[in-house]
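J.: Here the protein sequences come in this chain order: E and L.
To convert, count from 1 in the first sequence and add 345; that's this note's numbering.
To convert, count from 1 in the second sequence and add 17; that's this note's numbering.
If you're looking for bench data, these hints aren't it; they were derived computationally from the structure.
Be aware that a few hints might be false.
Distance ranges between label pairs, derived from CB positions [unchecked claim]:
(1) E:H542 - L:L36: 37 to 43 Å
(2) E:S486 - L:D274: 19 to 25 Å
(3) L:L36 - E:K533: 22 to 28 Å
Positions of the beta carbon are idealized from the N, C-alpha and C atoms, including for glycine.
The primary structure of each chain is shown beneath.
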Amino acid sequence: MSEKVIIEIRDLVKIYKGSDEPAIKGISLDIFQGEIFGLLGPNGAGKTTTISILCGLFHATSGSARIDGMDIHSHLNEIKRIIGVVPQDVALYPTLTAWENLTFFGNMYGIRGIKLKEKIAEGLSVFGLEKHANKKIANCSGGIKRRINLIAGLLHEPKVIFLDEPTVGIDVQSRVVILDYLKELNHKGTTVIYTSHYMEEAEKLCSRVVIIDRGTVVSMGNPRELVAEHPEFKDLENIFLHLTGKDLRD
Amino acid sequence: MFKFFSACRKESLILIRDLAGLVMLFIMPMIMVMILALVQEQGWSSLSKDPSIPVLLVDEDHDTLGAKIQDGLKSSNIFKIFTSIEGKPITREFAKEKIAKGSYNVAVIIPNGSTKIIRHKVQVMVTQIVSGIMMPVDNPFLDIQSNDSINIIIYFDPGIKGTFKYAFMATMKEYSMFIESSMIFGSFNTELKKMFPQYRPPKTEYKESVFFTEIFPAGKDEKAVPSTTQHNIPAWALFAMFFIVIPMTGSMIKERDEGSMIRIYTMPVSYFIIFMAKVSVYAVVCIIQFILMMLAGKFILPLAGIPSLTIGSNYMGILLMMIVSSLAALGFSIAVGTIARTHQQAAAFGVVSVVVLSALGGLWVPVYLMPEFMRNLATWSPLNWAHVGFIDLFLRDATIVDVIPQMAKLLAFFIVMISAALFYRRINSPINS
């Protein structure tokens with residue numbers, strides 16, 4: 346991990362149309378190049394909203410954000426070339442095969458020809474999906490879909506990758522493969538921004554985490570350091586519950 | 018550019034993979050066009066061909082008028098005349114009851130003595146004329162006004178179309194006028210014979226001397242006869258073409274719901290390229306749809322006795338008109354698909370607006386039959402522009418230059434719709450909609 350700030354967020358506010366309550370209320374944070382950064386929080390905390398603003402899906406109501414020194418409003422097209430996004434839902438075409446999906450998304454990132462074929466073959470190989478290359482997505486299992494969903498966001502070797510709950514609803518084997526690959530990517534220098542509800546997973550994987558609740562940052566730091574700072578709580582999950590409460594969220 | 022072609026390839030694959038949906042895209046509009054053309058052919062031109070409209074005839078006259086009307090109706094090849102049912106002669110009461118129940122559409126009652134009244138009236142008139150020649154001065158007979166008249170009763174089913182009613186009445190008046198003229202001719206012969214015993218009446222009967230030749234000036238080809246086919250086939254084909262709004266918006270909303278569109282928004286590709294790829298692939302679908310419907314009008318519908326569709330000879334003009342009409346339909350679909358949040362919204366708005374635009378555009382009822390206010394509104398419907406363009410190309414042998422106004426309006430409509438969609442996408446997050 347370097348000291349270079351790759352993502353700089355300042356006083357970010359988002360109020361959705363028709364809502365009085367801001368979804369995020371002036372979040373400020375820095376993410377360093379080469380980090381695996383965990384965005385943690387209960388449902389409705391503002392994690393997906395924050396990621397969506399950084400990816401250009403939403404405009405922030407106020408505040409600013411920069412990725413690799415570029416403002417997300419004025420340099421969105423340049424930013425889109427260096428980020429990869431793995432959405433929470435499987436964002437693939439069900440009637441196309443894995444290969445066809447990856448070819449299309451690779452093309453949209455501007456990759457083509459032999460380079461693309463090599464990248465797709467490599468991605469499928471890493472995740473053990475070679476034999477599923479020509480299978481329609483609709484006929485694949487949830488774990489396979491998740492892995493192809495991940496490959497689609499990595500084909501262009503992004504500097505920064507956003508993963509919105511990439512391991513939700515899959516078996517342990519698929520989860521281990523995905524997390525191992527994220528670590529490998531991170532070793533190669535890719536910054537990983539990751540949201541999850543699995544505290545144990547975040548504690549093992551992330552170099553730093555931020556806990557967001559009701560649109561504000563309630564805690565931030567290295568997961569092990571956070572646990573050390575709160576000796577009364579034995580792990581990150583208990584700290585999380587202490588900070589965000591046990592009330593059920595929408 | 019390769020992003021555009023890649024997006025086109027993706028759209029094509031998605032369409033081809035849904036083979037049943039693709040077949041329905043082509044077959045259903047063809048079935049719709051053929052059924053509507055058949056139904057409307059029967060409904061609108063029912064006075065032109067098929068001698069299947071039943072008419073109950075109650076001939077109480079039993080003389081020339083009744084016989085002539087019966088012969089005239091039979092020889093018109095439009096009506097099937099019933100003077101008796103199950104061997105029993107039809108009476109006034111029976112006819113009225115059958116019409117009231119809706120079992121038959123029309124009944125004609127020719128009252129007893131009708132021919133005698135006409136004959137007497139003609140006799141008086143001819144005698145007056147002859148008296149005027151023989152004794153023109155101080156002849157009181159010349160000033161007698163005959164008030165004799167006959168009243169032929171026609172019962173119509175209340176549900177019958179106004180156009181049919183007026184056409185039937187006109188036919189009946191034509192027969193009675195012809196019969197009166199024949200009687201006048203005959204009476205003159207009789208009176209002249211009385212006056213001039215040496216007079217020999219001509220052996221020929223009175224015959225019509227005024228005929229009408231229908232010519233429809235249509236460029237080089239004056240044989241192009243307007244028919245319901247010429248109106249209906251392009252009209253319903255355009256109606257079906259604009260119904261592309263359903264599969265197109267369905268595809269757009271499905272992409273959004275499945276999340277693939279959200280992923281695309283995070284990629285370095287313009288929404289315009291994605292739009293245009295979708296438009297290009299669906300434009301091919303629209304054009305194939307339209308060609309199939311034209312072929313049905315030209316080759317399949319004539320098998321059912323419907324006049325074959327005339328498409329003229331300006332194939333390049335037709336192709337260009339098909340392209341711009343498809344673009345207009347697809348631009349509209351893109352705008353609806355971008356703004357609508359759910360399948361239900363898109364389907365409800367899409368269907369109702371296409372029905373309204375087609376009705377306004379004169380696809381259901383020709384524009385010239387509309388009230389003036391509606392005629393003015395019709396000029397704002399893209400379906401009207403396309404329909405007028407096709408009619409000009411098919412029937413009036415129009416050149417490409419002749420239909421440039423229609424093409425320009427359709428293209429402008431497409432540009433406005435795409436711009437509206439892009440503007441909406443710019444100010445609204447794809448996740449919100």
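J.: If a hint holds in the structure, say so; if it does not, say that too.
T.: The hints, checked one at a time:
no.	hint	verdict
1	E:H542 - L:L36: 37 to 43 Å	holds, 41 Å
2	E:S486 - L:D274: 19 to 25 Å	holds, 21 Å
3	L:L36 - E:K533: 22 to 28 Å	violated, 43 Å
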